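Turn these sequences into a full structure, and let the hints steer you where they fit.
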Amino acid sequence: MKFFEKLSQIDRRWIFLLVALAVIVPLLSRMGLPDKPGKYSLQLFEAVERIQPNSQPVLISADYSPSMMPELDPMFRAMVRHCLARKVRLIVMTLDPTGAGLAEDALRQIAPEYGAAYGRDYVFLGYKVGAAIVIMSIGENIRQAYPTDAYGTPIDSLPMMADVRNYADIPLVVDIAGSAVINSWVIFAGARYKARVGAGCTAVSSADYYPFLQSGQMVGLLNGMKGASDYEYLNQQRGYTSVPRVAGKGMDAVSIVHLLIMGFIVLGNIGYFVAKKNAQPK
Amino acid sequence: MKQKLPLLIVLVLGIFFTIQFFVPSRASEVTYQTTLQWWLVMSSFAMVLALGSLINHHALKIKRRKEGWWNSWVTLAGIAVMGGLGILGGPSFRMGWANDAYTRLFLFVQAPMDSAMFAILAFYMASASYRAFRARSREATVLLVSGFVVMLGIIPFGAMLWHRIPDIAEWVMMVPNMASKRGILFGIGLGATATALKIILGIERSWLGGGGK
Numbered sequence: 001m002k003f004f005e006k007l008s009q010i011d012r013r014w015i016f017l018l019v020a021l022a023v024i025v026p027l028l029s030r031m032g033l034p035d036k037p038g039k040y041s042l043q044l045f046e047a048v049e050r051i052q053p054n055s056q057p058v059l060i061s062a063d064y065s066p067s068m069m070p071e072l073d074p075m076f077r078a079m080v081r082h083c084l085a086r087k088v089r090l091i092v093m094t095l096d097p098t099g100a101g102l103a104e105d106a107l108r109q110i111a112p113e114y115g116a117a118y119g120r121d122y123v124f125l126g127y128k129v130g131a132a133i134v135i136m137s138i139g140e141n142i143r144q145a146y147p148t149d150a151y152g153t154p155i156d157s158l159p160m161m162a163d164v165r166n167y168a169d170i171p172l173v174v175d176i177a178g179s180a181v182i183n184s185w186v187i188f189a190g191a192r193y194k195a196r197v198g199a200g201c202t203a204v205s206s207a208d209y210y211p212f213l214q215s216g217q218m219v220g221l222l223n224g225m226k227g228a229s230d231y232e233y234l235n236q237q238r239g240y241t242s243v244p245r246v247a248g249k250g251m252d253a254v255s256i257v258h259l260l261i262m263g264f265i266v267l268g269n270i271g272y273f274v275a276k277k278n279a280q281p282k
Numbered sequence: 001m002k003q004k005l006p007l008l009i010v011l012v013l014g015i016f017f018t019i020q021f022f023v024p025s026r027a028s029e030v031t032y033q034t035t036l037q038w039w040l041v042m043s044s045f046a047m048v049l050a051l052g053s054l055i056n057h058h059a060l061k062i063k064r065r066k067e068g069w070w071n072s073w074v075t076l077a078g079i080a081v082m083g084g085l086g087i088l089g090g091p092s093f094r095m096g097w098a099n100d101a102y103t104r105l106f107l108f109v110q111a112p113m114d115s116a117m118f119a120i121l122a123f124y125m126a127s128a129s130y131r132a133f134r135a136r137s138r139e140a141t142v143l144l145v146s147g148f149v150v151m152l153g154i155i156p157f158g159a160m161l162w163h164r165i166p167d168i169a170e171w172v173m174m175v176p177n178m179a180s181k182r183g184i185l186f187g188i189g190l191g192a193t194a195t196a197l198k199i200i201l202g203i204e205r206s207w208l209g210g211g212g213k
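Line order of the protein sequences matches chains A and B.
All residue numbers for the first sequence refer to my numbering, where the first residue is 1 and numbers rise by one.
All residue numbers for the second sequence refer to my numbering, where the first residue is 1 and numbers rise by one.
Hints in this document: simulated from the structure, not taken from any laboratory.
Nothing here was measured: the structure is a model prediction, and the numbers come from that model.
We treat Cβ as the ideally placed atom computed from N, Cα and C, and that holds for glycine.
Mixed in with the good hints, there may be bad ones.
[As the list claims (entries may be wrong)] Derived coverage of chain A by chain B (criterion: at least 3 residues anywhere in the stretch with Cβ under 8 angstroms from a Cβ of chain B; other residues may be distant): (1) 27-40; (2) 58-69; (3) 252-260.
Dropping the structure here:
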């Protein structure tokens with residue numbers, strides 16, 4: 001019986017070691033677990049698919065910080081690749097001060113892959129303080145929130161922005177965020193200005209956004225690492241990119257860690273019930 | 001007067017913008033657009049205020065030699081270096097070397113440190129779920145089972161075990177989860193409306209400072 005009781009008292013250092021191995025080994029190996037894209041990832045992907053090439057632009061707000069990078073950066077990169085591969089114009093902005101560096105770095109790497117030209121195929125508006133106020137300002141006139149892009153160039157001098165005034169000229173708004181700012185996009189851009197809103201969020205916060213999916217206030221949702229992996233998979237399946245799947249590899253690690261945590265929970269409960277049974281007077 | 005003036009501004013603007021939302025006239029639109037610009041400017045001032053407050057807090061900590069005061073030097077140096085490089089490399093000065101240094105510091109110092117801090121959570125979560133996630137009661141068992149199903153449903157192993165597991169996981173998210181979330185959202189909505197009304201009418205005054213006295 002002592003064996004079972006010990007099961008509920010494993011030293012946490014062993015747990016830490018096993019978690020580290022469960023993360024590192026899949027990342028270094030080539031597991032390549034199968035992927036079946038989720039319904040809401042597919043919906044967001046299809047929403048971008050429906051936009052005509054070289055027409056009105058998609059707006060992506062990269063509202064995440066480095067702490068959320070493993071889940072959200074592959075999501076952002078996969079969406080940028082999808083848009084640029086299909087010649088769908090792209091407006092990128094951020095409401096997170098640290099998101100500007102991450103988004104700019106991604107654009108700098110991805111744009112040359114598709115021969116995308118700045119100002120013609122994509123623009124980077126940078127960071128603007130104000131969150132909900134910025135979202136509402138874009139609803140009136142994007143120039144009100146962003147008179148210039150991130151590099152100080154007046155928006156009016158950028159060719160692809162000539163016909164863009166507000167959400168009416170943007171067929172899809174996607175917020176990739178690690179905070180509750182997604183709510184502001186749904187409430188202000190979606191409900192007030194009738195923009196079509198999609199989102200990408202961390203797995204821990206995804207439960208908050210399911211009501212918006214059911215009510216149709218969101219066209220799709222990328223749920224954490226799984227959502228990012230789904231989008232990368234769909235990009236590869238449709239031939240938009242051949243770059244290795246970063247989130248796909250991350251999903252291998254997540255899968256193993258999930259199994260490990262479930263195993264720990266089962267062990268902990270076995271130990272708990274055995275100890276409880278032993279404590280009962282015979 | 002010090003209290004009455006802000007209360008009066010909130011009362012007038014609160015009522016005005018509540019009515020404005022429902023009045024589709026040109027004058028109403030222009031007023032709204034103008035105030036949006038004011039709010040953007042005010043948001044920027046809030047950022048300056050926050051920065052000033054942060055610097056002041058750490059300067060005082062250093063001056064009074066409070067515990068861990070030397071950490072405040074790191075914070076202040078970080079603000080000075082990143083702020084300085086950001087300004088010099090930005091659209092106003094366009095110094096290439098400063099922009100390059102800023103980008104490198106951000107991508108190779110700040111981003112990994114920030115990610116590492118968050119990554120530590122995985123270890124604590126694994127340890128905590130092992131120790132605390134016990135089927136102690138009926139409610140805890142329901143939570144445990146639904147957590148298991150959702151975790152299995154997300155990963156490929158779930159579908160490998162049984163092809164319906166991802167569907168069950170989605171049902172958990174779309175039905176019981178959403179029912180509770182909707183309840184919470186309604187509560188938040190009603191609470192926010194009630195609080196907004198109390199602020200507009202001057203019943204709730206804690207935002208003025210002094211604990212509402």
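* To do: Please write out, lowest number first, the hints stated earlier that are contradicted by the structure.
  => No hint contradicted; all consistent.
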